[in-house]
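> Given chain A, work out where chains B and C should sit, using these hints.
Residue strings, one per chain:
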Amino acid sequence: MDFDSDPTVNHWRRLWLYLYCLIVAIFLLAPIIVVIPMSFSPSEFLEFPPSALSLRWYQSLAGSPEWIGAAIISFKAAVLTVLVATPLGIAASYGLQYSHFAFTRLIRSALIIPLIVPVIIIAIGVFYLYARLNLVNTLLGLVLAHSVLAIPFVMVVISAGLERFDANQELVARSLGASRLKAFMTVTLPQIKPSVMSAALFAFITSFDEVVVALFVSRGPSSTLTRKMFTSLRDQVSPAIAAISTLLILTTFVLALVALLSARSDKTARSH
Amino acid sequence: MTPHAADVLEGDARRERLRLLSLSAPATLLVLIILLLPVGWLFFLSFVDKDGFTTANYMRLVQNEAYFEIFKVTFLSSFLVTVITAVLGYPLAYLLSQLPRRLAIIGLTVVLLPFWTSLLVRTYAWLVLLQRKGLVNSTLMSLGIIDEPLSLVYNMPGVVIGMVHIMLPFMVLPLYATMRSIDPMLLRAAISLGAPRSRAFFTVFAPLSLPGLIAGSLLVFIYCLGFYITPQILGGGRINLVSMKILENATIYSDWGAASALGVVLLAATLLLFKAIQMLVPVDRLMGKAS
Amino acid sequence: MTGQATSSGASIPITIRKLVKTYGPYRALDAIDLDIAGGEFLTLLGPSGSGKSTLLMAIAGFLRPDSGLIQFGAADVTRLEPHRRNIGVVFQNYALFPHMSVAGNVAYPLKLRGIGKAETAKRVAWALALVKLDGFGERNIHQLSGGQRQRVALARAIVFEPSVLLMDEPLSALDKKLREHMQIEIRRLHETLRVTTVYVTHDQREALTMSDRIAVINHGRFAQIGEPKALYERPASKFVAEFIGDATLLALDEGAKQPTFRGLPVKTKDKINGAASYVVLRPEKLRLVDKKDTAAWNRFAGTVDDIVYQGESVLLSVRLEGGETLFLRQGTDQQSLQNLPARHAAVEVGLHADDTLLVPEEYP
Chain A
1 MDFDSDPTVN HWRRLWLYLY CLIVAIFLLA PIIVVIPMSF SPSEFLEFPP
51 SALSLRWYQS LAGSPEWIGA AIISFKAAVL TVLVATPLGI AASYGLQYSH
101 FAFTRLIRSA LIIPLIVPVI IIAIGVFYLY ARLNLVNTLL GLVLAHSVLA
151 IPFVMVVISA GLERFDANQE LVARSLGASR LKAFMTVTLP QIKPSVMSAA
201 LFAFITSFDE VVVALFVSRG PSSTLTRKMF TSLRDQVSPA IAAISTLLIL
251 TTFVLALVAL LSARSDKTAR SH
Chain B
1 MTPHAADVLE GDARRERLRL LSLSAPATLL VLIILLLPVG WLFFLSFVDK
51 DGFTTANYMR LVQNEAYFEI FKVTFLSSFL VTVITAVLGY PLAYLLSQLP
101 RRLAIIGLTV VLLPFWTSLL VRTYAWLVLL QRKGLVNSTL MSLGIIDEPL
151 SLVYNMPGVV IGMVHIMLPF MVLPLYATMR SIDPMLLRAA ISLGAPRSRA
201 FFTVFAPLSL PGLIAGSLLV FIYCLGFYIT PQILGGGRIN LVSMKILENA
251 TIYSDWGAAS ALGVVLLAAT LLLFKAIQML VPVDRLMGKA S
Chain C
1 MTGQATSSGA SIPITIRKLV KTYGPYRALD AIDLDIAGGE FLTLLGPSGS
51 GKSTLLMAIA GFLRPDSGLI QFGAADVTRL EPHRRNIGVV FQNYALFPHM
101 SVAGNVAYPL KLRGIGKAET AKRVAWALAL VKLDGFGERN IHQLSGGQRQ
151 RVALARAIVF EPSVLLMDEP LSALDKKLRE HMQIEIRRLH ETLRVTTVYV
201 THDQREALTM SDRIAVINHG RFAQIGEPKA LYERPASKFV AEFIGDATLL
251 ALDEGAKQPT FRGLPVKTKD KINGAASYVV LRPEKLRLVD KKDTAAWNRF
301 AGTVDDIVYQ GESVLLSVRL EGGETLFLRQ GTDQQSLQNL PARHAAVEVG
351 LHADDTLLVP EEYP
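Chains as they are written, first to last, in my numbering: chain A, 1 to 272; chain B, 1 to 291; chain C, 1 to 364.
Pulled out of the complex, with its shape left as it was, chain A reads as follows (with noise of 0.2 Å):
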């Protein structure tokens, strides 16, 4: 497909398209854009363009316990999630994937469900099984809850990159000495590492961003920082979620940004 010597297409006539991609894709990158400056606003209104340039918002965050402790929560979870959801449903996926059972197609199906029924359904089903067992306001019950939501996520990715590998290098192994759990380890799981890297990207972020659970298993102190975000914007709209926004905007980033190298480096590292 030739974009520029395909005769057929007039960019002229097209401009139009170009112009309302353009202002879609002004709708969709301005929120984000917008949030930044605005949390550096030194006054307490919502204003843009800030009138000036103001730390304060992010002064009055470093001295805020209760949301460093919101962050540290949501941080604790979020690794904690990526510990429990990577190798599970890296396990799940290379079972599924050379098992040939009439089980697999249905155990497929189970793991998938998560992504399937709708995040508020999951959570009071949650709220209610740990109402009763005790686990409401822990770390172990949100941990427990979002691997739940982070297994799928992982499972696709890390399929993904096994139906690219071939197969047969894990055979070779086997055939020259190796059990099936050292072919594993040391053929196939270190050229899946890109994949692995996504999905424990996926799992972090998965854990990081949510929010329904959260609402209903970690309340008051044990709030994580996307439930403190969340009550807070129901009661005011002050530029301190700005700066807050900010920081997520800036962590998502340089996650991303860190999958994107470790993914080129390990590229670039094989074909030396």
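Don't take each hint at face value.
What the hints assert, rightly or not - Heads up, simulated EDC-like pairs for lysine to aspartate or glutamate below, C-alpha to C-alpha not over 16 Å straight-line:
#	chain 1	residue 1	chain 2	residue 2
1	C	Lys-285	C	Asp-354
2	C	Lys-267	C	Asp-354
3	C	Lys-18	C	Asp-35
4	C	Lys-18	C	Asp-66
5	A	Lys-182	C	Asp-354
6	C	Lys-18	B	Asp-7
7	B	Lys-133	A	Glu-44
8	A	Lys-182	A	Glu-170
9	B	Lys-133	B	Glu-148
Source of the hints: derived by calculation from the structure; they are not laboratory data.
Here is chains B and C on its own, set in the frame of chain A:
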């Protein structure tokens, strides 16, 4: 040495299969306990009252006018968001699918960037932008389009705008995938046969992009039905959707019968629509040959 | 190395008894019996879907048979996991580990066996020298050509002195010249190491070149097992006669007590037992004859259809009156070229009685 009989080797094979399957056991167990069991429980709860088995919870949904209003608003808002997302998303997906690979990837990144940003951040951003003194109003006023600031937030317009923003990637991605897989030779063939480009588009390209459009629309619709966060914040509590009623019943009223009945209805609708996607759009046609 | 099948280094024979593998109603391996001598180079030859790769995978342990027995020497390996069988496997797509260097790949099986660094380095160097890749240790896999990659795969498969070497169409991905070169290399390697080798291919010429014995397999059963010359000169059935080498098979008249073709008796030294159905005509055994020599020759009358110059020989196709086409070759030396018939000329194709071969339809 005597050759091994079939049942012995069969046993070995079965044991190996079980070992492989057991790798998925921890994940399955977790999903079972945390998700499937409670949801099943809820299903059971929806049929239970203090007095025992009852269909009262469901009856209330049908008879109570307030519920009817909630269903109506949820359905209409989801529908509206789906339509707007389709209108905005289709040309965007089309343009992306016609770009050379590298530009398309950049374009997709632009579309996906908000996707990677936290839901709350995006919702908050709209909350700020749509205020009476917010950027949208001030821009419109300075452009002379309006004299008085519009009320764009804590109401339905605000909810719709916010939801459209969130849902756009869900519409664009399946559309893009389908469009990308449409053989460009087909359009060229139509043009060479004498059709002007617009005619070729409507008679060849558009019908082939339909699976992507259907999949995207159903996906957006399904997600809208159960959406809580953005409508709650941007609606300011004035817009009542099914998801909010569920939460209300579960937490404020502790009326698990009502909450679960509503949940079951929502889940049923969701599953039916997913089934519809599966039937109307064979997944391979969605991804095409060039995925 | 607990649980290993056999000690490495010795020439281990392979015994297979009544091996069965079915996929639903389809019998991929139909009660196979096979004896491979220690140190022998045996080729499994057959068309695609014949079961040759299935058999190889079963010997390797990647496939579980439904029933039967596989022995390496005195040890029963049927139920043993692949990594305990002490085998070396070479695949068609090399399956080298891209995240390791050449030396890393070759050292892999040694590391698994707990062999120390110094000894490993020695053996890796030995293996690489054996496949004529001295000094390639630090290279990256991606820098190698197809032929070089295949040699690394070979080095990796033999560095730990396996009991059995298994190769699944390893040369199919290479171009003709390289393939022929590698055939000689693999043969040479085999002479040096004397490892029991099972080689799978669909290329009959390759099989004829490399093997001590060939086992022709079709539909999960062996059609014939024997030395290359025996299979070529004495095929046991129509299938083998057609699969190995070029041949035209003419159907003998039915019901006659003596073999006849269109009424004319077929003279042959072959001791047939009434089960023969076809006479085998190989291009290099046929000659254009004139009226004079009759006694020891079987003659087929026809017209010259086409004359194709093929460099080292001329291929003549002659159409018989019944419509069948015979192919024969003539040399391209000056005298032969002068004696070539013209197209549409009437000729007689002769097959000496000593070269006349009769085969049955089915193999026993």
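> Look at each hint and say if it fits the structure.
Each hint tested on the structure:
no., hint, in the structure
1, C/Lys-285 <-> C/Asp-354, "10 Å, holds"
2, C/Lys-267 <-> C/Asp-354, "9 Å, holds"
3, C/Lys-18 <-> C/Asp-35, "12 Å, holds"
4, C/Lys-18 <-> C/Asp-66, "10 Å, holds"
5, A/Lys-182 <-> C/Asp-354, "60 Å, violated"
6, C/Lys-18 <-> B/Asp-7, "15 Å, holds"
7, B/Lys-133 <-> A/Glu-44, "14 Å, holds"
8, A/Lys-182 <-> A/Glu-170, "9 Å, holds"
9, B/Lys-133 <-> B/Glu-148, "10 Å, holds"
In this structure, the one hint that does not hold is number 5.
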